[in-house]
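Listed below are the residues making up each chain.
Number of protein chains: 2
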Amino acid sequence: MRNLTLLTDLYQLTMMNGYFKENVHDDIVVFDMFFRKNPSNGGYTIVCGIEQLVEYINNLKFEDDDISYLKSLNMFDDTFLEFLREFKFTGDIYAVEEGTVMFPNEPVIRVKSPLYQAQLIETTLLNIVNFQSLIATKASRVCFAAGSDPVLEFGLRRAQGPDAGIYGARAAVIGGCSGTANVLAGKMFNIPVIGTHAHSWVQKFDSELEAFKAYANTYPNKTLLLVDTYDVLNSGMPNAIKVFKQLKDKGFKPLGVRIDSGDMEYLSKEIRSMLDEAGFYDASIVASNDLDEYKILELKSSGAKINSWGVGTKLITSSDCPALGGVYKLCAVEENNKLIPKIKISEDPEKITNPGFKNVVRIYNKYNKAEADLIILEDEVIDESKELTIFHPIYTWKKKTFKNFTAKRLLKPLFINGKCVYEKQDIMKIRQFVKDELDTLWPQYRRITSPEEYKVDLSEKLWTLKNNMINEMRKK
Amino acid sequence: MRNLTLLTDLYQLTMMNGYFKENVHDDIVVFDMFFRKNPSNGGYTIVCGIEQLVEYINNLKFEDDDISYLKSLNMFDDTFLEFLREFKFTGDIYAVEEGTVMFPNEPVIRVKSPLYQAQLIETTLLNIVNFQSLIATKASRVCFAAGSDPVLEFGLRRAQGPDAGIYGARAAVIGGCSGTANVLAGKMFNIPVIGTHAHSWVQKFDSELEAFKAYANTYPNKTLLLVDTYDVLNSGMPNAIKVFKQLKDKGFKPLGVRIDSGDMEYLSKEIRSMLDEAGFYDASIVASNDLDEYKILELKSSGAKINSWGVGTKLITSSDCPALGGVYKLCAVEENNKLIPKIKISEDPEKITNPGFKNVVRIYNKYNKAEADLIILEDEVIDESKELTIFHPIYTWKKKTFKNFTAKRLLKPLFINGKCVYEKQDIMKIRQFVKDELDTLWPQYRRITSPEEYKVDLSEKLWTLKNNMINEMRKK
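Here the protein sequences come in this chain order: A and B.
Those letters in the first sequence? Residues 1 to 476, by the numbering used here.
Those letters in the second sequence? Residues 1 to 476, by the numbering used here.
Hints in this document: simulated from the structure, not taken from any laboratory.
Note that the structure is predicted; figures quoted are calculated from it, not measured.
Note that CB positions come from ideal geometry on N, CA and C, so glycine has one too.
A hint or two may mislead.
[To be verified] Derived DSSO-like pairs (lysine-lysine); straight-line CA-CA distance at most 30 Å: (1) A:K37 - A:K398; (2) B:K344 - A:K269; (3) A:K344 - B:K269; (4) B:K242 - A:K475; (5) A:K213 - B:K344; (6) A:K248 - B:K71; (7) B:K351 - A:K300; (8) A:K253 - B:K21; (9) A:K71 - A:K21; (10) A:K71 - B:K269; (11) A:K342 - B:K242; (12) B:K305 - B:K222; (13) A:K213 - B:K248; (14) A:K344 - B:K245; (15) A:K88 - A:K61; (16) A:K253 - B:K71.
[To be verified] Far from chain A, by Cβ distances over 12 Å, these chain B residues were calculated: (17) Y11; (18) T317; (19) N336; (20) A372; (21) D383; (22) W397; (23) Q432; (24) L438.
All chains, please: the whole structure from these sequences, using the hints.
Written out as C-alpha cells, the structure is:
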C-alpha cells in the first residue's frame, strides 16, 4: 500500500494549520460520512472500500519529503510542520460492515477524533468509499439484470486510471461479478480471473480456422472462441464448430463462443441453433459489447440466447452515474467532555444535516426482510420486546408500527482510540454477504428503474433535536 | 512508480502463452492505438499520459510472486513462465507529443515489437492514455467556457480512486486548469495547489464572524472566505466585509469570497454589488458547485459576476462521457523482414481499421492554422514545395488542394529497440504546448456543442491499399 498521506485537499491542511494556531486542533469532533442519493437513480447503495480505508489510515505518516514539500508552499508555520511529523490517527472510526446495503442520509462512517486528524482524512476517505461503493452498486444492478447468468468484469482498459481498474474489479466482484479479466486484481485480492483471446489472435494467423485450431491446441479444456473477427455466421461459427468437433473427438468439451459486435439478439439466437444442431447443447454464448444493466434487461426480455455477460466500460466507470456524491459533515463537537450536536443549515432542505453522535438501526421482520431503517442517537436503545412506531421525518403523519421485529445496529468499530480493530475479510465472503444483504430487501427496492423508496426515518429524540436546532438557527 | 506488470487482461497472457507454444511469439508486429470519437461529442482530443506510459514500460518486470501467482492459475506452461522472468520491452514505440490535439482514427501511439510484448502492454497503455486524455480534453473544454478566468480542479473526493484523483489533476492542469486542490498531485508533478477552508471551519467556531476572523488571522495575505455556510447575503457577506475592512486597515488586501451553493447567477451579482459598495473592487468571487463547461457557458452568458471557477466531480470524472474509447489494433506483421499490412473487417464500416505501418501529417497554412491531417504510410514523404491535394476517404469527390503549406509529422519515438528516448517534460510546459496546439485550431473545431468536423484524410497510397484489402477480403 502506498503512503497516501498527502492525498488530501489543500484546504484540509490550511484549516489544520489554522486550528493549530488557534489551539483548537485537539478538540474532539465527530464527522459523519453519508450520501444523499443512490447511484443510477437506484433503490440502494452497497458500501465498499472499507478495507482500503483501513489500510489508508494505518499508513498515515508525513515523510521528510512531504514536510519539505509543504514547507516550500510558504503557507504553514514551522511549528505546525514539526507537529505533523508526529501525526498518528488516535481517534475512533465506526463504519457499516463492508458490503452492507445502505440508503441516502444514513451515517455510513463515523469519525470521532481530534479535529486536525478528522480533517486530514476527509478527502481520501471519501475518494475510496465513494468509488468502490459506486462500482459495487453498479455491479449488483448489472448482475440483477443478468439473473442467474455469470457477469464478468472486462473494463480495465477504459477504467479511470490503474487504481480504478484494480479497485473497481474488487468492487465489481463484491457487487456480484463472477470474475475479472484484470490479472493484478486477481493476484491482489484472490478473486477469479478469466480471459481467452482477442481479435488480434485471429488476425495473426493466416486463417480464422488455423487461429481457432491453435487456440484449441493450447487450451483444449478451456476453448472459448471469439467468432466475430470476420463474419459471425458465415465464417466464425462454421470454423468454431469444426474445431469443437475435433475437440470432442479427442474427448474434450468445448466451453463455447464469444461475440463482441453486431446484433446480439439475432446473432445469439442463430448461434444457439447452430451449436444445438451440431450437438453442443452445453456450449455457452458469451456476449460483450457496451453492455450495462439496461441493455441486458432488454436482451433477456427479447429472448436472446446469451449465457454469460462480459461487461466493460459501463460497469467500471458506472457510466450513467460516474460518481457517488458521498459527503463528510461535522455533526458534533466535544465541550467539557460532552458532545455538543452541530448542524449545517441550507436553503435547500435536503442539504440540512442530521446533528449529533448517531448510529443506524435496521428493522427486520420475522422473515428477515428489512422493513425500515431508523437513524438514532448513539445512546438510544431499541427495545425489541415492545412495539416500535416510526414516522416520516417530513410527512410526520406517515407512521408505521412494528411488533415482533429484530433491530440491528449498523455502525461497528474499525478503530478505537487509534487502535485498528478491523479484521480483513475474504472477498468472496464479502460477496456472499452482499448477496445475503440484497436478499433482505423486498424486490421493489431492487428494481432497476423507478424503485420504491426504502424507509429511513429519524428516532423521535433525533427528530426533536434537529427541529429544535433548526428553529433556533432560524431565529438568529 | 509501482510495478504494474500484471495490470493486464488475462487474455493477453493466455495469448502470449499460445503464441509461445506456436513459436510465433517473437514475430514482429505493429499495433496502432487510436480512438473513434472525441469525448463529449467535442471537436478534438488532447493526448495525455505519455509520461506515465513511458514509466510503465520502463518498470515492466515479472517478479517472483507474479510468476508464482500465474503458476497457481494452472493455465500456463512452465517454460513460458520461466521465459516471462526475462521479459523486457525491446521494441519501438512512437507517439504524438504529450498535449497534442488529435482527431478520430489517427494513430496516436504506434507499437512495433515482438508479438508477445506488444500484447502484454495493450491494456495498461490504453488505461493510462484513455483516462488522462479524457480529462485533459474535458479540462480544455471547461477552460474554453471560462474564457480568461482561472479554472481550479477540486475533484479528488469524487474521483474514481486515488490514481484518478492524482493523474486526473495532472491531466486537468495540462488541459488548462490553473491549479488543483490535490496536495499529492502538487508534490508529484510540481503543479500549483490551491485551497482555503470548508463549511466545517465555520461550524467549528461559535459564530461565522469569529471563524472568518480566525481565518484572516492565519492567512492575512490569502484571505478567501466561504460565505454560504448559513446565509450568503444576510450573514456570510456582511461578516466577510467586516473582516475584509479589518484586513484593509492592517494593510492587507483580501482575495475574495467563495460560494458553493444556491443560485450562482443571482448571488454573484448581489455579492459583486456588496463588495464594490464596500470598496473591494478587486476581490474575486469564486464559484464551485457541480460546474462543467455547459453550466459555465450559461452563467457567463447570463452576466454572472464570477471570476474564478472551482470544478470538481464533473471534470475529474468527465461525467457526461466518462471514458475515451481508445483501442489498440494490429495493423502489420513482419514476414521475411517485410511488414505485411493487416486489416480488421467489420459489418460496421466505421470499425474497419487502417492497415499498414503509418504516420500522421498535419498540414498548416502560412498563419500556422491546422487545415487538415493526412494519415500516410511511414515511407511516404510530403513535399512542401509542391501542391498537395487530399480527398475525403468515403466521399472521395470532396477534395482540397493546399499550396504554401507546412507539413508536420506527428509520431515521434519514445522507445527505439527498447531504449527509452523520451525526455520528461515540465508539466507547465506541456500546459503551454496544449494552449499553442489549441491556438492552431480554427474556432469552429473548439466549439463546445456541435463543433465542425476537422478533416482527417488518408493518403492516396494508404487509401488504395485499404480498399484493395477490403475488396480482397470480401471476395473470400
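Against the structure, the hints come out as follows:
no.: 1; hint: A:K37 - A:K398; in the structure: 21 Å, holds
no.: 2; hint: B:K344 - A:K269; in the structure: 25 Å, holds
no.: 3; hint: A:K344 - B:K269; in the structure: 25 Å, holds
no.: 4; hint: B:K242 - A:K475; in the structure: 22 Å, holds
no.: 5; hint: A:K213 - B:K344; in the structure: 20 Å, holds
no.: 6; hint: A:K248 - B:K71; in the structure: 27 Å, holds
no.: 7; hint: B:K351 - A:K300; in the structure: 26 Å, holds
no.: 8; hint: A:K253 - B:K21; in the structure: 21 Å, holds
no.: 9; hint: A:K71 - A:K21; in the structure: 16 Å, holds
no.: 10; hint: A:K71 - B:K269; in the structure: 38 Å, violated
no.: 11; hint: A:K342 - B:K242; in the structure: 25 Å, holds
no.: 12; hint: B:K305 - B:K222; in the structure: 21 Å, holds
no.: 13; hint: A:K213 - B:K248; in the structure: 81 Å, violated
no.: 14; hint: A:K344 - B:K245; in the structure: 27 Å, holds
no.: 15; hint: A:K88 - A:K61; in the structure: 7 Å, holds
no.: 16; hint: A:K253 - B:K71; in the structure: 23 Å, holds
no.: 17; hint: Y11; in the structure: 4 Å, violated
no.: 18; hint: T317; in the structure: 4 Å, violated
no.: 19; hint: N336; in the structure: 14 Å, holds
no.: 20; hint: A372; in the structure: 29 Å, holds
no.: 21; hint: D383; in the structure: 34 Å, holds
no.: 22; hint: W397; in the structure: 30 Å, holds
no.: 23; hint: Q432; in the structure: 22 Å, holds
no.: 24; hint: L438; in the structure: 23 Å, holds
Hint check: violations occur at hints 10, 13, 17, 18; the rest are consistent with the structure.
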